[in-house]
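Read top to bottom, the protein sequences are chains W and U. Letter 128 of the first sequence, counting from 1, is numbered 122 in the working numbering, and no numbers are missing. Letter 217 of the second sequence, counting from 1, is numbered 211 in the working numbering, and no numbers are missing.
Any given hint could be a false lead.
Put simply, identical chains are the same to the list, so a pair is met inside one copy or across any two.
[To be verified] Each computed DSS-like pair below joins lysine-lysine, with the alpha-carbon atoms no more than 27 Å apart: (1) K256 / K235; (2) K85 / K189; (3) K9 / K65; (4) K9 / K67; (5) K159 / K248; (6) K248 / K67; (7) K65 / K208; (8) K65 / K120; (9) K189 / K256; (10) K120 / K9; (11) K32 / K235; (12) K9 / K159; (13) K32 / K9; (14) K65 / K248; (15) K32 / K120; (16) K159 / K256; (17) K208 / K159; (18) K9 / K85; (19) K85 / K65.
The hints are simulated quantities; they were obtained by calculation from the structure and are not laboratory data.
2 protein chains.
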Amino acid sequence: MSRMSRSERIGVMTKILLDQPNRIFTLNYFSELFGVAKSTVSEDVMLLRRALNTFNLGTLETVVGAAGGVKYKPQPGQNRISDFIQDLCEKLSDPERILPGGFLYMTDLLFMPNIAEQVGEIMAYKFQDTHPDFVITVETKGIPIALMTGRALNCPVVIARRDSKVTEGSVVTINYVSASSRRIQTMSLARRAVKQGQRALIVDDFMKGGGTAKGMIDLLSEFGVDIAGVGVMIATQQPEKKMVENYAALIELKQVDENGRKVVLEPADWIVEGDLY
Amino acid sequence: MSRMSRSERIGVMTKILLDQPNRIFTLNYFSELFGVAKSTVSEDVMLLRRALNTFNLGTLETVVGAAGGVKYKPQPGQNRISDFIQDLCEKLSDPERILPGGFLYMTDLLFMPNIAEQVGEIMAYKFQDTHPDFVITVETKGIPIALMTGRALNCPVVIARRDSKVTEGSVVTINYVSASSRRIQTMSLARRAVKQGQRALIVDDFMKGGGTAKGMIDLLSEFGVDIAGVGVMIATQQPEKKMVENYAALIELKQVDENGRKVVLEPADWIVEGDLY
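So here's chain W without its partners, still in its complex pose (with noise of 0.2 Å):
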C-alpha cells in the first residue's frame, strides 16, 4: 500500500475512534495501521480534535501512562442538545399520540435508531463522569436508549426482564409496586449478568412514580451492585415526589388532556440552561 496522505488517514482514524466511543487505542496502532511515526499521529490527533471542536461534534481525549492513547467522546454541544430535545417536544406533543386513557404513544420516535442514538449520547454525557460499569433497563421500550447510552459510554447492557426467561439461567426476582398502576409487577435479573461491586447507570424512556426505577434499584441491592444514576428521556409532572430521588429526565411532561387532544411537554431546566453536569 502507497502511503496515505493526512486526509486519508484522518478519514480512517475518525471512523476507528468514532465507531466505538470512550474506547482507548493507542498511538502505536495507528502508527503501524498507517506506516506513519508516532509524532505524525499525534499531529492527526490534534487536528481532528480541533476541527471536531469547531462543530461542537465531540472531542478526542488523549490518556496518558502505560495503557495510554486516544479515546472519542462523544460531547454534544449545548445548542445541538437543545435543538433535539425541543424537536422531540414537538413531535411527542402531536395529539394523533394521544391514546385512550391518556397514554401517549412513543414507541416509533423511541426505537428510531437516529433519535435513540442521540437521546443515548446525551445520557452518557450526562452520567459519564459517575463511571458505570454497565447500563441496565427493563424491557422493552427503554432498550434503544440503553443500547445507545452503553454504546456512547463503551460500556454493556443488562436488561431486567418483566418474567423470568428459561434462557437466562437461574434469576433473582423480585416484586414491586407501580407507583402509577399500583399493581404489583414482577421483575428478573439473570444471576450470571451482573458482579457484586459493580456500578450500574440506570436508563429507561418513561418515569411516572418511579415505581420501576425504585424496583430497578432494589433488585440491584440484592446484587451488591451501586447506583451510578437514573436517567429517563421522559419525566411526568405529576405526582411531584417520585419514589427515587435523584434522577435526570430530559423532558418534562406537563399534561396529556385526551378530551382537549392536547399533549404538552417541555425540555428539561438542565436542558435549557445548558447546565449539563
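Given the coordinates of chain W, work out where chain U should sit on it, guided by the hints.
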C-alpha cells in the same frame, strides 16, 4: 471561523456521514458547512472514499439527480466479517454458557453494543438490496441487533410485543405455534406501527423451528406488508426443515451437549465462502 484544512474537513465529513449510514447528504450541505466550493467537496469525498475502501471500512456512494448527494454505506469486508463471526462462535462455545435444558446463554453478548452493531452491519450488508422500509423483530433479545440493522440501513425499527400494551394503542394480535416448544404463543403489533404496501426485514437473534419468524410473517400479512427478507444471528442445524423457507443465518448451532459440556457452532457457509449476496 477561519477556513479549515482538507484534513479537518474530512474528519468532520466522516463523522457526519458515518453517524447516519445510508442517509444522503447533498454536496451543497458540506459546501455551505465548510464555506468551500462544491468541486472541493467532491475531491474530499473521493479522497475519503479511497481511504475507507483501502481499509475495508465501507464506502461512499454518490447519488445523482435532484435528491442527489453522497451517502455512507457500511461494507464490512469479507475478512472482517469472517473474523468477527469466528470470534463470536468461540465466545458462544464456552461450556459455561450451557443452561439447564440445553439452552445457550447469550443475552450478555447480544446486549454488548459493539457486538450488536457489527451483527447489524452484516445484516444490513446482506439485505441492503432488498430495500426494506423497516426492520422488525419480536421482543426482547433480538432488539439490539434489529436496532443496529435499522441504524445501518437508515430504517425505523418496529417491535412486535409478546402481549398487548396500553401504550401501543390498538393492536392486531395473532396466536402462533412455537415449533420448538410446541406451545401456543401470542404476538401483537400496533396498528399505527406499519402501513400497507411497506416492505419488512425480519431480524431475530435465534431460530430453531422458525415458528416465531413464521408468526411475524403471518402478522405482517394481516397488515398487507411484504417481506424483504429474514435474517437471524443463529439458526440451529436441527430441525433442518424450518417453518420459513428463505432465511439467512450468520451462525449455525450444531450441538449443545448438556452432559458432555460441549457447544458446537460454526459460521454459516456463505460467511466463510464470502458469498455475501
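Going through the hints against the structure:
| no. | hint | result |
| --- | --- | --- |
| 1 | K256 / K235 | within (24 Å within a copy, 52 Å between copies) |
| 2 | K85 / K189 | between (39 Å within a copy, 19 Å between copies) |
| 3 | K9 / K65 | both (12 Å within a copy, 14 Å between copies) |
| 4 | K9 / K67 | both (13 Å within a copy, 13 Å between copies) |
| 5 | K159 / K248 | between (37 Å within a copy, 22 Å between copies) |
| 6 | K248 / K67 | neither (33 Å within a copy, 41 Å between copies) |
| 7 | K65 / K208 | neither (34 Å within a copy, 44 Å between copies) |
| 8 | K65 / K120 | within (18 Å within a copy, 30 Å between copies) |
| 9 | K189 / K256 | between (45 Å within a copy, 25 Å between copies) |
| 10 | K120 / K9 | both (24 Å within a copy, 21 Å between copies) |
| 11 | K32 / K235 | neither (55 Å within a copy, 55 Å between copies) |
| 12 | K9 / K159 | neither (38 Å within a copy, 39 Å between copies) |
| 13 | K32 / K9 | both (19 Å within a copy, 23 Å between copies) |
| 14 | K65 / K248 | neither (39 Å within a copy, 39 Å between copies) |
| 15 | K32 / K120 | neither (33 Å within a copy, 37 Å between copies) |
| 16 | K159 / K256 | between (40 Å within a copy, 22 Å between copies) |
| 17 | K208 / K159 | both (22 Å within a copy, 21 Å between copies) |
| 18 | K9 / K85 | between (31 Å within a copy, 26 Å between copies) |
| 19 | K85 / K65 | between (34 Å within a copy, 26 Å between copies) |
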